[in-house]
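Colleague: Here the protein sequences come in this chain order: Y and S.
Numbering-wise, the first sequence is residues 0 to 269 according to numbering that gives the first Met the number 0.
Numbering-wise, the second sequence is residues 0 to 205 according to numbering that gives the first Met the number 0.
Hints are supplied without guarantee of correctness; some may be wrong.
[Unchecked claim] Keeping only pairs whose Cα atoms sit at most 35 Å apart, straight-line, the calculated DSBU-like set for lysine-lysine is: (1) S:Lys177 x Y:Lys117; (2) Y:Lys53 x S:Lys177; (3) Y:Lys53 x S:Lys122; (4) Y:Lys141 x S:Lys83; (5) Y:Lys82 x Y:Lys232; (6) S:Lys177 x Y:Lys46; (7) S:Lys122 x Y:Lys140; (8) Y:Lys46 x Y:Lys117; (9) Y:Lys141 x Y:Lys82; (10) S:Lys122 x Y:Lys46; (11) Y:Lys140 x S:Lys155; (12) Y:Lys141 x S:Lys155; (13) Y:Lys46 x Y:Lys82; (14) S:Lys177 x Y:Lys47; (15) S:Lys122 x Y:Lys141; (16) Y:Lys117 x Y:Lys53; (17) Y:Lys140 x Y:Lys46; (18) Y:Lys82 x Y:Lys47; (19) Y:Lys117 x S:Lys155; (20) Y:Lys82 x S:Lys122; (21) Y:Lys117 x Y:Lys47; (22) S:Lys155 x Y:Lys106; (23) S:Lys155 x Y:Lys53; (24) Y:Lys215 x Y:Lys106; (25) Y:Lys140 x S:Lys83; (26) Y:Lys47 x S:Lys155; (27) Y:Lys42 x S:Lys122; (28) Y:Lys47 x S:Lys122; (29) Y:Lys215 x S:Lys122; (30) S:Lys177 x S:Lys83; (31) S:Lys155 x S:Lys83; (32) S:Lys155 x Y:Lys42; (33) Y:Lys141 x Y:Lys117; (34) S:Lys155 x Y:Lys46; (35) Y:Lys140 x Y:Lys106.
Honestly, the hints are just simulated from the structure, not real lab data.
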Amino acid sequence: MKVFSKATIPCACYILIVTICILFQGCYLGLEYSPYSTDVDYKNLNKKNIDRIKARESESSNYRIALIADTHRFYTETENVIKVLNSRNDLDFVFILGDITDVGLLKEYNFAYDIFSKLYCPFIVIAGNHEFLGYGENIYKKMFGPLNFNFTFRGTEFICFNDSNWESGEPDWWWLEQTAALSYEQHKIVLAHIDCSITSERFNQEQVDRFNDIVKSYFDMAFHAHDHVNSYKLIEDIPRYHVGSSHHRHYVILEYDYNTDNFTVELCTL
Amino acid sequence: MYIIRENFYKLLTNLIITIFFIFACDEPSHGHGKNELWYYPDCYTIQTAGYIGFIAMGIGFLSFNNTWESSLLYGFSPADVTGKEIHTVSWKNIVYPFTLNFLDDNVLLPFYFGVTMLFVMDKNVYWERSTNCPDRYYNPTGRHSAVSVGLQIQGKSTMIGLIHGFYVEITILDTYLKACLWDDSEYLNFDDVASLAIGYKIITNY
């Protein structure tokens, strides 16, 4: 170790300057006690945004909504997508179909919220599989609300369903079926982060059949995300849309025309 | 590689114990007295923030002519502060490249850097891999690492013959560092990902 000779004045100056810099910067940086903190600043955002959406219920019978997904780690690209959505000025609200964090840390939730809050219209966040990592599920519930929830808007029942089975256990198929069955709305749309309409390493034939039976019985269409690419397929005559990642600058526009009672879905890329 | 991956926790534990023994037995470099036992720590540390807890306490060993400090700290964060009680164990390694003497017995360590491995003790997170997901589907959620740079001032107490050290550090967690450097360097700034830590230590053998 190199030991310098006594240098009181330079040392004192160094300590003074560095301490002032660190304390000044420290006030700005703040103290972070644990990456696993669940002490959220913003609570029940989905409920608050649903209230904002409901307040606009009577303005029209048509609606136009945007869907984005898998924004985790791709902050600049997400911000660019949000700038485009804001420039449209014709959206009633935006769905964010999950995976807004990478490892479920509070700071990642806050990074995501900072970007989403720039939207001019209300936004609804659905939990993706990455939201369950660490203590992410606790944070999601505090920040956004229940994992499964539903609301109506201009004659459509939107049912947001958590199907991240590896991370949070068997999806609550019974809740999905009951919620759909008890709704009197003319149209019903299900939104779930992972596509459980085909067998995969996550979903066996029994689970797929259960989901497809429910969708076929009650729903007009289904929206999913998770695989980061915009796509469309028809299963048992029900359209299924995949919303791509904002990493690839993908988003989807869903439009409903009351006069023709038709849905139009546009898969978009910036 | 498979064996290393499957036995990560055991290997890490062995590594920590081995390094501690090397540090503790390194008598000539940190000058243990003749009457002191080899396993006596060289310093006792208390720290707040820096991701290792609202309050973290532990012991440390100095080695390589006091240029390397290896500490083991237990950290606690109460539910009032972090939303839920969090218990962590941290293994902190610091390198002190420079030392400046000033005002007789005072020492300034003007710049140092360190790497901390952080383990949270909770059954809901995992140190190796989740049992529900395929191998390597996710990174472990129960451990993180952090890098830090800091400044330390040490002063000798003539009353009791101990050295007091006060330090401040700027720390960045691995997840945020990766996000800032690789994932999205345009959006995230240094201010977004760095945080401050403050600590005090008593050094018994220097």
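Colleague: Each hint should be assessed against the structure and marked as holding or not.
Modeller: Outcome of the hint check:
Annotation: proposed proximity of Lys177 (chain S) to Lys117 (chain Y) holds, straight-line Cα distance about 24 Å (limit 35 Å). Distance check on the hinted pair: Lys53 (chain Y) and Lys177 (chain S) sit about 40 Å apart at the alpha-carbon level, beyond 35 Å; violated. For a cut-off of 35 Å, the pair hint linking Lys53 (chain Y) to Lys122 (chain S) is broken: about 40 Å separates their Cα positions. Restraint check for Lys141 (chain Y) and Lys83 (chain S): the C-alpha separation of about 12 Å stays at or below 35 Å, so the hint holds.
This hinted pair checks out: Lys82 (chain Y) and Lys232 (chain Y) have alpha carbons roughly 29 Å apart, not beyond 35 Å. A distance of roughly 33 Å separates the Cα atoms of Lys177 (chain S) and Lys46 (chain Y); the hinted pair therefore holds under the 35 Å criterion. With a C-alpha separation of about 19 Å, the suggested pair Lys122 (chain S) and Lys140 (chain Y) falls inside the 35 Å cut-off, and the hint holds. With a CA separation close to 18 Å, the supplied pair Lys46 (chain Y) and Lys117 (chain Y) stays within the 35 Å bound.
Between Lys141 (chain Y) and Lys82 (chain Y) the alpha-carbon distance is near 27 Å, which keeps this suggested pair within the 35 Å criterion. Between the alpha carbons of Lys122 (chain S) and Lys46 (chain Y) the distance comes to roughly 31 Å, so the proposed pair stays at or under 35 Å and holds. Taken as a hint, the Lys140 (chain Y) and Lys155 (chain S) pair is broken in the structure, with Cα atoms around 51 Å apart against an allowance of 35 Å. For the given pair, Lys141 (chain Y) sits about 48 Å from Lys155 (chain S) by alpha-carbon distance, which is inconsistent with the 35 Å threshold.
Taken as a hint, the Lys46 (chain Y) and Lys82 (chain Y) pair is honoured in the structure, with Cα atoms around 24 Å apart against an allowance of 35 Å. Proposed proximity of Lys177 (chain S) and Lys47 (chain Y) is supported: the alpha carbons are some 33 Å apart, at most 35 Å. Note on Lys122 (chain S) and Lys141 (chain Y): the hinted pairing holds, with a Cα-Cα distance of about 21 Å set against a maximum of 35 Å. Between Lys117 (chain Y) and Lys53 (chain Y) the alpha-carbon distance is near 20 Å, which keeps this suggested pair within the 35 Å criterion.
Of the supplied pair hints, the one linking Lys140 (chain Y) and Lys46 (chain Y) holds, its CA atoms being roughly 11 Å apart against a limit of 35 Å. Under the criterion of a C-alpha separation no larger than 35 Å, the hint pairing Lys82 (chain Y) with Lys47 (chain Y) is consistent with the structure, at around 22 Å. For the proposed pair Lys117 (chain Y) and Lys155 (chain S), the alpha carbon gap of about 53 Å is over 35 Å, so the pair is violated. For the hint pairing Lys82 (chain Y) with Lys122 (chain S), the CA-to-CA distance comes to about 41 Å; that exceeds 35 Å, so the pair is violated.
As the CA atoms of Lys117 (chain Y) and Lys47 (chain Y) are separated by approximately 16 Å, the hinted pair is consistent with the 35 Å bound. Restraint check for Lys155 (chain S) and Lys106 (chain Y): not satisfied, since their Cα atoms lie roughly 40 Å apart, outside the 35 Å limit. With a C-alpha separation of about 67 Å, the suggested pairing of Lys155 (chain S) with Lys53 (chain Y) is violated against the 35 Å cut-off. Using a Cα cut-off of 35 Å, the hinted pair Lys215 (chain Y) and Lys106 (chain Y) is violated, with the two alpha carbons roughly 39 Å apart.
Taken as a hint, the Lys140 (chain Y) and Lys83 (chain S) pair is honoured in the structure, with Cα atoms around 14 Å apart against an allowance of 35 Å. As the CA atoms of Lys47 (chain Y) and Lys155 (chain S) are separated by approximately 57 Å, the hinted pair breaks the 35 Å bound. Straight-line distance between C-alpha atoms of Lys42 (chain Y) and Lys122 (chain S) comes to about 26 Å, which keeps the hinted pair within the 35 Å bound. With a C-alpha separation of about 33 Å, the suggested pair Lys47 (chain Y) and Lys122 (chain S) falls inside the 35 Å cut-off, and the hint holds.
A threshold of 35 Å between alpha carbons decides the hint, and for Lys215 (chain Y) with Lys122 (chain S) the separation of about 39 Å lies outside it, so the pair is violated. Among the hinted pairs, Lys177 (chain S) with Lys83 (chain S) is consistent with the structure: their alpha-carbon atoms are about 26 Å apart, no more than 35 Å. Distance hint between Lys155 (chain S) and Lys83 (chain S) is unfulfilled; the C-alpha atoms sit about 39 Å from each other, more than 35 Å. Pair hint Lys155 (chain S) plus Lys42 (chain Y) does not hold up; C-alpha atoms about 49 Å apart against a cutoff of 35 Å.
A hinted pair counts as satisfied when its Cα atoms are at most 35 Å apart, and Lys141 (chain Y) with Lys117 (chain Y) qualifies at roughly 21 Å. Proposed proximity of Lys155 (chain S) and Lys46 (chain Y) is contradicted: the alpha carbons are some 58 Å apart, above 35 Å. Using a Cα cut-off of 35 Å, the hinted pair Lys140 (chain Y) and Lys106 (chain Y) holds, with the two alpha carbons roughly 15 Å apart.
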